[in-house]
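A.B. asks: Just so you know, the sequences run in chain order A and B. Per the working numbering, the first sequence runs over residues 55 to 366. Per the working numbering, the second sequence runs over residues 2 to 319.
If you're looking for bench data, these hints aren't it; they were derived computationally from the structure. Since we're looking at a predicted model, the values are computed, not measured. Any given hint could turn out to be false.
To be verified - Within a straight-line C-alpha distance of at most 25 Å, the following computed DSS-like cross-link-like pairs (lysine-lysine) qualify:
no., chain 1, residue 1, chain 2, residue 2
1, A, K271, A, K281
2, A, K311, A, K231
3, B, K283, A, K311
4, B, K283, A, K232
5, A, K262, A, K231
6, A, K281, A, K232
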Amino acid sequence: MTAFLVRRLVAGVLTLFAIATISFAVCRFAPGSPFTSEKNVPAEVRRNLERKYGFDRPLVVQYGIMMSRYVRGDLGESFQYRGREVGELVWPGFAVSARLGAVAFVIAMFFGLALGVTASKWQNQGPDYAAMSTATLGICVPNFLLGPLLVLVFHVWLTWFDPTGWPENWWTWAELKKLVLPACTLAFAHIAYVSRLTRAGMLDVLHKDFIRTARAKGLSEWSVFLKHGLKNGVTPALTYAGPMAAYIITGSVVVEKIFAIPGLGTHFVNSALNRDYSILMGSILIYSSLVIFFNLLVDLMYAVLDPRVRMN
Amino acid sequence: MTAADHEIAPESRSPLQLAMRRFRKNARALICLILLALTGAATLAVPWISRHDYRFQDLDNAYRAPGPGERAKVDESGLAVYDENGEVVKEKVYYVMGTDGNGRDLMARVFMGGRISFAVGILATFVSVLVGICYGATSAFLGGRTDTLLMRIVDVMYGLPHMMVVIIVMTFAGRSFVVVFLVLGFFGWLTMARIVRGQILSLKEREFVEAARALGTGAASIIFRHLIPNVLGPVIVYTTLSIPAVILQESFLSFLGLGISEPQTSWGVLINEGTVAVNNVKNLSWLVAFPGACLAITLFCLNSVGDGLRDAFDVQQR
Numbered sequence: 055m056t057a058f059l060v061r062r063l064v065a066g067v068l069t070l071f072a073i074a075t076i077s078f079a080v081c082r083f084a085p086g087s088p089f090t091s092e093k094n095v096p097a098e099v100r101r102n103l104e105r106k107y108g109f110d111r112p113l114v115v116q117y118g119i120m121m122s123r124y125v126r127g128d129l130g131e132s133f134q135y136r137g138r139e140v141g142e143l144v145w146p147g148f149a150v151s152a153r154l155g156a157v158a159f160v161i162a163m164f165f166g167l168a169l170g171v172t173a174s175k176w177q178n179q180g181p182d183y184a185a186m187s188t189a190t191l192g193i194c195v196p197n198f199l200l201g202p203l204l205v206l207v208f209h210v211w212l213t214w215f216d217p218t219g220w221p222e223n224w225w226t227w228a229e230l231k232k233l234v235l236p237a238c239t240l241a242f243a244h245i246a247y248v249s250r251l252t253r254a255g256m257l258d259v260l261h262k263d264f265i266r267t268a269r270a271k272g273l274s275e276w277s278v279f280l281k282h283g284l285k286n287g288v289t290p291a292l293t294y295a296g297p298m299a300a301y302i303i304t305g306s307v308v309v310e311k312i313f314a315i316p317g318l319g320t321h322f323v324n325s326a327l328n329r330d331y332s333i334l335m336g337s338i339l340i341y342s343s344l345v346i347f348f349n350l351l352v353d354l355m356y357a358v359l360d361p362r363v364r365m366n
Numbered sequence: 002m003t004a005a006d007h008e009i010a011p012e013s014r015s016p017l018q019l020a021m022r023r024f025r026k027n028a029r030a031l032i033c034l035i036l037l038a039l040t041g042a043a044t045l046a047v048p049w050i051s052r053h054d055y056r057f058q059d060l061d062n063a064y065r066a067p068g069p070g071e072r073a074k075v076d077e078s079g080l081a082v083y084d085e086n087g088e089v090v091k092e093k094v095y096y097v098m099g100t101d102g103n104g105r106d107l108m109a110r111v112f113m114g115g116r117i118s119f120a121v122g123i124l125a126t127f128v129s130v131l132v133g134i135c136y137g138a139t140s141a142f143l144g145g146r147t148d149t150l151l152m153r154i155v156d157v158m159y160g161l162p163h164m165m166v167v168i169i170v171m172t173f174a175g176r177s178f179v180v181v182f183l184v185l186g187f188f189g190w191l192t193m194a195r196i197v198r199g200q201i202l203s204l205k206e207r208e209f210v211e212a213a214r215a216l217g218t219g220a221a222s223i224i225f226r227h228l229i230p231n232v233l234g235p236v237i238v239y240t241t242l243s244i245p246a247v248i249l250q251e252s253f254l255s256f257l258g259l260g261i262s263e264p265q266t267s268w269g270v271l272i273n274e275g276t277v278a279v280n281n282v283k284n285l286s287w288l289v290a291f292p293g294a295c296l297a298i299t300l301f302c303l304n305s306v307g308d309g310l311r312d313a314f315d316v317q318q319r
């Protein structure tokens, strides 16, 4: 187990290193520069700016300086917002995105599992059809379509939820209400996947021999369903949790745009459009670390949930 | 062999024929296939369906709700036509899906956008399938260290936040149609490579391949006669399921303003334009409703057809 962890951690660090290198190369060989703007910058000013940010040095040296900064955990200085650290811009955005993502994650898991389990308990009956129709809807209505639709229905017509603004605190319903629409938009597609996976997993397990044994032992139907079925049937859904966390992070970019949320995704897209390489690289490194971390978590969870994996 | 033996011998069918026979029994998938064919035909037939060019701006009729209207008649050179009293001649127009803020016919734009969305989906999938098959097959054939190394690379690329890398490449490579499908195709081949490799690895050891080899069949013949036809099922299934995924990714990029750019359009662009225009004051819901419905129906149908094919080919879900 320790060897496995160490191996995966080393691989993760190597991946991060590769990502930093690739994005550095893409940024530097791409046309356009962070110091060009609509206004004509005098050549002298431009030269000075380039000197200040080290653009006049050979690429290898720039690369080395950048990497040694990243190793020390320093994300560097923004090229667009002069004099501001990337860290002080990006980390608050990350905190916002992480909260939104966490809420969406909980919603997706809860409703996904609930729908999937309901569907499998009443297979080919009303609840099953209702749950699976919702799931189908979640797969063919993308979040950038769902977001405006939810705003139209729940804000414009019904005026239940007002999605303007970011909650100022986390304990009053009036503030938390602002989070409902963005979080649901982000979670909806995943509710669909989780419920489909749960349903399939549950049905698969419920036809296994040990379930028949449990029934033959005289256990009550609910006890068989919850204790023996549920415990094994939700494994596929739980293994989806890692990729789901990664997808939620990506999907957050769009949701942040629709609802004007000042998260990491907003910084990411803006910095890509502004050629602000330092913010761009900072945010991509954060995103990549998260994805790598969640993938590692999935493999660990697999080992914990499924003893057969641990053997190998 | 006598004639009687021939009569008893069952008609032999290839796995492909068997799969197609199973697919034809799947009503939902068939209906979806027909719907898709209709949508596809509509996107190809835009110039005949709509009397309006998708770029033509009828500024008198900006933000017109679906329905009839009238506009100033223009001659071939684009000048207004006057009658003998010096009045502008009006002609009746009918906008089935309304118009956008620039007075452009939404129906023409929705179908033109659909054309781009379909084209991106199909071309990018083609690129990714091509790269995936070559990569996976090479890896499986070479085996040993090379195989391990090639698959490690795939593992590492799986770990990348793929959409983020696509966004970065898109912003720097420019926002043209070709770049969109190349980039999406290039980042979509990983799953294909794994599927093909797995299939070939397991097929290589099967008895019928062994038998072919024992009979002295050449390598090329084994690959083309025995391996490829058997890999085809999963490839077809994955290809159909990959097209909606790519269409979705393209819309995602276009929605962020990083995909297809003017004067071309796609469903993502149209939904974005609609979302920006719709607000509390004006009810312009058709601007989102029509492209949104088209996108949703297409995604639904493509996924249903893909699922139908998967059941028909009996491919295990990974």
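A.B. asks: Could you run down the list of hints and mark each one as holding or not?
C.D. replies: So, going through the hints one by one against the coordinates:
no., hint, in the structure
1, A/K271 / A/K281, "holds (14 Å)"
2, A/K311 / A/K231, "holds (19 Å)"
3, B/K283 / A/K311, "holds (21 Å)"
4, B/K283 / A/K232, "holds (23 Å)"
5, A/K262 / A/K231, "violated (43 Å)"
6, A/K281 / A/K232, "violated (37 Å)"
The structure does not agree with the numbered hints 5 and 6 stated previously, though it agrees with the rest.
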